[in-house]
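Each residue of the sequence shown is one higher than the last, beginning at 1 in full-length UniProt numbering.
Wrong hints could be hidden among the right ones.
Have a look at the derived ranges for each label pair, beta carbon to beta carbon [what the hints assert, rightly or not]: (1) S69 x F92: 20 to 26 Å; (2) Q74 x L95: 19 to 25 Å; (3) V44 x A20: 33 to 39 Å; (4) L95 x A6: 30 to 36 Å; (5) E45 x P81: 23 to 29 Å; (6) P33 x G13: 32 to 38 Å; (7) M1 x S69: 18 to 24 Å; (8) S58 x E17: 29 to 35 Å; (9) D68 x E27: 17 to 23 Å; (10) T85 x R39: 17 to 23 Å.
It should be emphasised that the hints constitute simulated quantities derived from the structure, not laboratory data. This structure is a prediction, so every number in the text was calculated from the model and none was measured. Each residue gets a CB set at the ideal place from its N, CA and C atoms; glycine is no exception.
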Amino acid sequence: MVLEVALIEVVPGQEAEFAAAYAKARELVATTPGCRTVRMTQGVESPSRFVLLIEWDSVEAHLQNFRDSDRYPQWRALIGPYFATPPVVEHFTDLD
Numbered sequence: 001m002v003l004e005v006a007l008i009e010v011v012p013g014q015e016a017e018f019a020a021a022y023a024k025a026r027e028l029v030a031t032t033p034g035c036r037t038v039r040m041t042q043g044v045e046s047p048s049r050f051v052l053l054i055e056w057d058s059v060e061a062h063l064q065n066f067r068d069s070d071r072y073p074q075w076r077a078l079i080g081p082y083f084a085t086p087p088v089v090e091h092f093t094d095l096d
């Protein structure tokens, strides 16, 4: 299992619109083969900062099943207009 962590900066004042767009876009990720869980969090001190946490079976599941599919352009079309800057995305694994 790998954890995808995406740090997302949203244009200030557009947080509610971003959250509504994410609510529509979430299913595109959640139903992707190899996706285990999807969670979006919003900053308390910095409400324009969001953190997306997605558990995947593998990095390949993320890249091949989602990023290289027709799901990804739909995802970006829904939430991308609200990005203040490009998201920073990394993968992590648990320490045993």
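For each hint, the structure was consulted:
1. S69 x F92: 20 to 26 Å: Given range 20 to 26 Å: holds, Cβ gap about 22 Å.
2. Q74 x L95: 19 to 25 Å: violated (35 Å)
3. V44 x A20: 33 to 39 Å: violated (20 Å)
4. L95 x A6: 30 to 36 Å: violated (21 Å)
5. E45 x P81: 23 to 29 Å: holds (25 Å)
6. P33 x G13: 32 to 38 Å: holds (36 Å)
7. M1 x S69: 18 to 24 Å: holds (20 Å)
8. S58 x E17: 29 to 35 Å: Check passed, 33 Å falls within 29 to 35 Å.
9. D68 x E27: 17 to 23 Å: Given range 17 to 23 Å: holds, Cβ gap about 19 Å.
10. T85 x R39: 17 to 23 Å: The hinted range 17 to 23 Å holds for T85 and R39, with Cβ atoms some 21 Å apart.
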